[in-house]
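K.L.:
Take the sequences, apply the hints, and build the full model.
First to last, the protein sequences are chains A and B. Each residue of the first sequence is one higher than the one before, counting from -18 in the working numbering. Each residue of the second sequence is one higher than the one before, counting from 52 in the working numbering.
Hints were generated in silico from the structure; no laboratory data involved. It cannot be assumed that every hint is accurate.
[Unchecked claim] Each pair of labels, with its calculated beta carbon distance range:
| # | chain 1 | residue 1 | chain 2 | residue 2 | range |
| --- | --- | --- | --- | --- | --- |
| 1 | B | G183 | A | G276 | 22 to 28 angstroms |
| 2 | B | G183 | A | R(-5) | 20 to 26 angstroms |
| 3 | A | R21 | B | G183 | 40 to 46 angstroms |
| 4 | A | D96 | B | D182 | 46 to 52 angstroms |
| 5 | B | G183 | A | E182 | 14 to 20 angstroms |
| 6 | A | D56 | B | D185 | 37 to 43 angstroms |
| 7 | A | D47 | B | D185 | 32 to 38 angstroms |
| 8 | A | G267 | B | D185 | 23 to 29 angstroms |
| 9 | B | D182 | A | R(-5) | 19 to 25 angstroms |
| 10 | A | P104 | B | D185 | 41 to 47 angstroms |
| 11 | B | D185 | A | P256 | 26 to 32 angstroms |
By construction, the Cβ of each residue, glycine as well, lies at the ideal position given by its N, Cα and C atoms.
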Amino acid sequence: MEDGGWTFEAIGTRWRISTEVPLTSTVVRAVALRVDAFDRDWSRFRAGSVVDAVRAGAGRHRMPDDAGPLLDLYDRLHAATGGAMSPAVGDGLEHLGYDAAYSLRPRPGHRPAADWAAVRWEPPHLVTTEPFVLDVGAAGKGYLADLVADVVVRTQREEGASGAVTVDASGDLVHRAAPGATGGTGSAGAAGLRVALEHPERPGYAVGVATLSGVGAATALCGSATNRRTWGDGVHHVLDARTGAPVDGVLATWVVAGSALVADGLATALFLLDPDDAAALAGDLGASYVRLDRGPTGSGHRLLVSPDFPGEVFA
Amino acid sequence: MASLSPARRWFAVVATASTLALTTACGVGQSDDADTGSSADDSSQDAGSGGDGGSGTSEGSGTFTAGTYDAEGGYTSPGGEQSVTVEATIAEDGTIEEIEVTPGATDPTSERYQGQFADGIADEVVGQPIDGLDVSVVSGSSLTSGGFNAAIEDIIAEAQA
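P.N.:
Laid out in structure tokens, this is it:
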């Protein structure tokens, strides 16, 4: 099942692709081209990307061909969080030192994001009225995991092969069962992919295990933890776009959904919502989740779990 | 999953509303179906007679005493006083192996809230060693971007220079 694994570095993180049918050089090449195009188009850290254009000035910006699903999801999450989640959060991140040079030196105070509601998406153009730093980091990695899985499945099909495919972008996962597999419990050999949800404060320990059947709403899993990228006291990469300040109170989230795009985006949005709104949004998106909060008094923890989360939690 | 030793009851329990069970099942090579939900447990049912327990004899010399513990907790919501009942099975090393939470709420809003998050009661989420979990992949904090890690190391080195 895990034969044919291939590990590589892309968009600043480690990727591993495991396939039932071993990867050919044709598939590897197709994946490499796809990943490179995405990085060139979207990276906040690369010259010549669409991010550069949006930063340089207001106007009509031709977006990459794959922009639609990503911007649509951001629109939805922006609305659901009352503007707390925004792809215009890049200025706030750079203000805190999370920039192309990884300077990681926070400037005093915080910088609120430009108003995303004032930006118009007229495919294929993004129409902006002021320059800002576009950052799709909260959903982009998951989206790319979907796109890579698409490329593997499509290219293997062209080669007359089919089988289960797992794309692991350092814990952001897409697992697609072989065509025809039911993926549910009870069918032999389709137990699914078991994923440990690592405790953000206890490396080597898990707060639970998710099981991805590889079909339907249990195809993708993405996680986010604020202490994963911390470069100062209380300084990390999940900001409230309205203020530009890092959020507090939520330690980690994991989302299981039908796509890694949704799972990744929602994993960040869950940091920005109270428990009832978080549950409602996940329901709307057909997703389930585990969220680890700081305890109400500041010590201890509180674990929030969707009733339909596919897995176990060690509360 | 059976408890490891005779149950000790801190507070006896009367199960009222629907039960949301969260079976965690620790241990190496454990391969049961990972289903949460269902299974009204006999142990909390048979505690039925109520009363105010306190019969626990936790000796235990500094470490945890393995066993099954029950407790009832209350909190104040906008809808009034609410209660939940928790039963936990704890191993000798302190790992919580099984926890079962029974909402006792009658207020509809609170019932919904507790139903969704009934398993969110633990004071301290300890977790279980990943080594024993038979998983293929880990999603979590020890996996970080290479570039970010390198930058952090640079800054630390600079600070020490």
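K.L.:
Taking the hints in turn, state whether each one holds.
P.N.:
For each hint, the structure was consulted:
As the Cβ distance of B:G183 to A:G276 is approximately 26 angstroms, the hint placing it in 22 to 28 angstroms holds. With their beta carbons about 24 angstroms apart, B:G183 and A:R(-5) fall inside the hinted range of 20 to 26 angstroms. Roughly 43 angstroms separates the CB atoms of A:R21 and B:G183, a value that falls within the hinted 40 to 46 angstroms. Between A:D96 and B:D182 the beta carbon distance is about 48 angstroms. The supplied range of 46 to 52 angstroms therefore holds.
Checked against the hint of 14 to 20 angstroms, the C-beta distance between B:G183 and A:E182 comes to roughly 19 angstroms, which is consistent with it. A hinted range of 37 to 43 angstroms for the beta carbons of A:D56 and B:D185 is consistent with their spacing of about 40 angstroms. For A:D47 and B:D185, the Cβ-Cβ distance of about 36 angstroms falls inside the hinted range of 32 to 38 angstroms, so the restraint holds. Distance hint check for A:G267 and B:D185: the Cβ-Cβ separation is about 28 angstroms, which falls inside the suggested range of 23 to 29 angstroms.
Checked against the hint of 19 to 25 angstroms, the C-beta distance between B:D182 and A:R(-5) comes to roughly 21 angstroms, which is consistent with it. Between A:P104 and B:D185, the C-beta spacing of about 45 angstroms keeps the proposed range 41 to 47 angstroms intact. For the hinted restraint 26 to 32 angstroms between B:D185 and A:P256, the CB-CB distance of approximately 31 angstroms keeps it satisfied.
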